[in-house]
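Engineer: If you want the building blocks of each chain, they are given just below.
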Amino acid sequence: MIEELPIAALAARVRAGDITATQVAERVIARVAALDPRLHAFLETSPDALLAQARAVDDKRAQGEPLGALAGVPVALKDALCTRGRVTTAGSKILGGYRPPYDATVVARLAAADALLPGKTNMDEFAMGSSTEHSAFGPTRNPWDEARAPGGSSGGSAVAVAARMTPASLGSDTGGSIRQPAAFTGVVGVKPTYGRVSRYGLIAFASSLDQIGPFATDVRGAARVLEVIAGHDPRDATSLAAPTAAYESACDAPVRGLRIGVPDEYFAEGLDPEVEASVRAAIGALEKDGCTIKRIRLPHTSYAVATYYVIATAEASSNLARFDGVRYGLRIEKTHDLRQMYGDTRDAGFGAEVKRRILLGTFVLSAGYYDAYYLKAQKVRTLIRRDFDAAFAEVDAIACPTAPTCAFKLGDKLTDPLSMYLSDIYTLPASLAGIPALSVPAARGASGLPIGLQLLAPSLEESRLFALAAAVERHVGIAAPAMSALA
Amino acid sequence: MPAQRARLDRAQIDHIAKLAALSLSDAEAHALASELDAILRHVEQLDSLDTTDVPPTTDLLAGSAGAGPGLPAGSGWREDRVLPGVSHDDALAAAPRSSLGGFAVPTFVDANATAPAAAPKRHA
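So the sequence lines, in the order shown, correspond to chains A and B.
Our numbering puts the first sequence at residues 2 to 488.
Our numbering puts the second sequence at residues 5 to 128.
Looking at chain B on its own, in the form it has when it is part of the complex (with noise of 0.2 Å):
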């Protein structure tokens, strides 16, 4: 049986906010704790299952396992090929802001920028 079982509280959440990158007001994240607790409550039923001798599920197209007959192995992998795509154009125009033909972050590209510009700026 796995022993390791977590009550989430406050703390909890916060850190997994962090892992999640979700900026969670007070209100929130208080709400939330409960809600999940809950939720994994029910989830601890899966402990009543013995699943010592049983591999997890990794590749639903691989073999005929759960899937009845007539299901092929795998796909496998494609070969390596390049081939057209999305444009440079295409893939930048719905950038909330872009610059040098980039998408445009903060810090990293605006080291010295003085304030986030407003409007999208498109370089082709």
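One chain only, chain A, in its complex shape (with noise of 0.2 Å):
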């Protein structure tokens, strides 16, 4: 079955001509109109353009040209990423029918490369969320037990290659929401570092967090993904001009010899017993590989909530300034008063747990308080980013859980704001520090649930995360949910 080919496979035999494209864009189609109904993993699908893409690939092969690393593999997309005249929500009534005028860059690498893309995924409300929920259009379920949450934000993207409907997303990860929901499905999921991906046409929500990502159903191919996404961009000005490296080459380099922190702060109170196993169980292999392990400390951990919900939301209460019915969207514009309408249409516009994020960044950047939250929050996270330094003079890698628990109930975190927040502990601070992280699948607990083990790196030190994981999951192996009475 085509959706079974490791991503490299599939490119390759549709390079080959074994399978054509259109073969694979009519098995998306037929596994979405499968699945997709119970998991609502997307957002928007469009068949037509699809076979068109796969057409447009099928005939470039045909005359003879030479077709990309991404030949035919369907690639979703987290519907924070514009795309040209393709409805583009970000998860919120407020961009309720938008499209684009143009397409992100990564969007347009993908095509570049002959991917296809077949949608756009649901994901909470800009991005603010570990769960899904917060979408305006109704929450994703998570294919491993549908009553369960996928993570979030990027839970449709997750869910959209854990149930292989693609196998391969992009997602973005401001404090977690590729990492959570990757380990919460059982698939890989990549946050490069700050700056590494083009972040052009994603639609913002924390700027000095922000970064685009891909999950996968394996490493490579999360490898090969990353290398058609990353590289400098001039139309972002926070993407970095150092050369990328070939990741998917790294997913075969030793291990042998690679030193790996495991911070005791990230094995503490709150971490589930089976998680806990799971993780030491998978770094144990790495062990066996020829990896050396040794206990570090990242002391300023337990401060990484906190520090995160202040510069986010105070980051997040400016970029979303822009929603306000004047240019696009949507606008409620009941009297001739302007400010009326902005305050009505944001009020119709936002869901909950956005108008909480955005008051409480305007709270602590406004007078009398930006010093006591803002100006605090953004020296502690030097004091966070210094840990980081300390460990990496020591060791190559880190090694963790991505998350404490498995995948939670849906409903269950919804009205406590904060347990929420909580639960991101072990994804926020690389992504305050801004260097990459990936999770891969670690094990399936006695529930039967994933486990993920996150891999962090230095920054632009990619391939050493790639190398990791892959000897991982030649431990490990990476299953998919049984969904065959679907298939």
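Derived by calculation from the structure, the hints in this document are not laboratory data.
No residue lacks a Cβ here, since even glycine has one placed at the ideal position from N, Cα and C.
Some hints here could point you the wrong way.
Said to hold, decoys possible - Some but not every residue of chain B turned toward chain A, in silico, with C-beta under 8 Å:
#1 Ala21
#2 Ser27
#3 Gln49
#4 Pro59
#5 Ala97
#6 Leu104
#7 Phe107
Claimed, not checked - Simulated pairs of lysine to any residue, SDA-like, Cα-Cα distance not exceeding 20 Å:
#8 Lys380(A) with Thr62(B)
#9 Lys356(A) with Ala35(B)
#10 Lys356(A) with Glu32(B)
#11 Lys22(B) with Lys289(A)
#12 Lys414(A) with Glu147(A)
#13 Lys335(A) with Arg85(B)
#14 Lys22(B) with Leu339(A)
#15 Lys380(A) with Ser52(B)
#16 Lys356(A) with Thr21(A)
#17 Lys380(A) with Tyr370(A)
#18 Lys356(A) with Ala25(B)
#19 Lys289(A) with Leu272(A)
#20 Lys380(A) with Thr56(B)
#21 Lys94(A) with Thr62(B)
#22 Lys94(A) with Ser29(B)
#23 Lys61(A) with Tyr103(A)
#24 Lys356(A) with Arg45(B)
#25 Lys356(A) with Asp41(B)
#26 Lys410(A) with Lys94(A)
#27 Lys335(A) with Ala25(B)
#28 Lys295(A) with Ile261(A)
#29 Lys289(A) with Val263(A)
#30 Lys356(A) with Thr56(B)
#31 Lys289(A) with Lys94(A)
#32 Lys410(A) with Glu354(A)
#33 Lys61(A) with Ala113(A)
#34 Lys380(A) with Arg45(B)
#35 Lys410(A) with Lys356(A)
#36 Lys335(A) with Ser103(B)
Fit the two chains together into the complex; they arrive one by one in their own frames, and the hints show the way.
Structural biologist: Now the structure itself:
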């Protein structure tokens, strides 16, 4: 079956002509039709556009032109990524029906590599959430247990891959929004170094944290997608000029001799014992491969949640000021008063979590409170970065859990915003430091739910993450949820 | 230690909502006051850290602080050149209302209007 092929093998078969891109597209359409009414990973799919893309790839091959690295590989897109002429909502009613006039750079790069782009995936509104329950268009369900959340905010992109509707997808990660849903759904998820992937065309949440990255069924596939989307873009002033590395070939690099730090603070109170056992077993597998395991300290870890929620909400309150009903999206115009129009539009268009964060961010930036909250948090952020500086003087990479528990039940954390925020404790520090991080499946727990191992490396050392993740993958393997009744 | 800590009451919420251009219902404002107050109390744990001589993080791309080896210096500023961008028509295409080649808003543009236009209008 097409959906069982790893990404590199699928692209190779399409390039060789063993499978046509049209056959791949037809299989995606069939699986989405069978599975997505239950899972709700997608907000928008366009079978006609998908078949047209596939025909273009097949025509290109028929004319003897060389095909790209993702020839015929379907890649689902988080709905925070702008797609020219295709509805892009960021999971919000305030952008309901919005069709951007341009493609995000990552979308253009995928298309140039001959990938197929079947649709846009569900997400927490403006990426604010850890469960995809804050989407204005209803939650996404976890294919391992449909009563559970897939994590978030890129839950739709994670589920598209976990349920093998597409072998890869793109998400965005501000405080864990790729890694945590990857762990919850048993797929590979990568948050690259801050600045490694262009954010041109990503609907902004928190600009000092947001980064685009891939989900994939296998480590090598994730590396290949990152290789296609990474690299400098003059349209994003925060995009790094440094050359990209050969991430895919890094998957075959030896890990013997690498020093792996295991931070005490990530194995503390609140960590589910089953998650701890699985993560320690995966670290043990790396030791068998010749890695040196070393206990380390990251002493400011417990301050990451407070630091993050000040900085991210402050930046969000500024970024989301652009949604005022003037240039695009929803407008509520009941009177001839401009201020009233802004207020009414934003009240009707934003959901509860977005309002909560805009208000918190406005407060921490407001006169009289800036020093006590925002400036203080930016200073603590420096302390968190210094923790990693000190650690990477002693070790080459860090291994820890991605999330403290397996996927929680839909509704479980919805009424208590703070408990939802605290579930991000292990993913936030890497976001605050700007370093690359990856979640790879480590095991399935007794309940059958997947558990993720998180790997962290110094800036621009994504290759090291891929080498280590590929080693873990060789020991653990990655299964797909049993959905045979539907497939 | 920062001394200025607020209890978020209803009056505070109304003030912030005005700054954020959000019209809130009574029920929303009431719920948000207690939720935000709980989050701010969690944030207060940052006060236990002495940051007197710690500089704030202002640019993740600058230098190698916290970022490990290998990160180049900040990408700096690009040259200020005019390049092709989104066309005028494309930029106006998604506007809820446009007029005379611009975005139409109440009062300023429609000083003499009698009713908000229901349908989007475009002027190329």
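Engineer: Of all the hints given earlier, name the ones this structure violates by number, lowest first.
Structural biologist: 6, 11, 13, 16, 19, 21, 23, 26, 30, 31, 35
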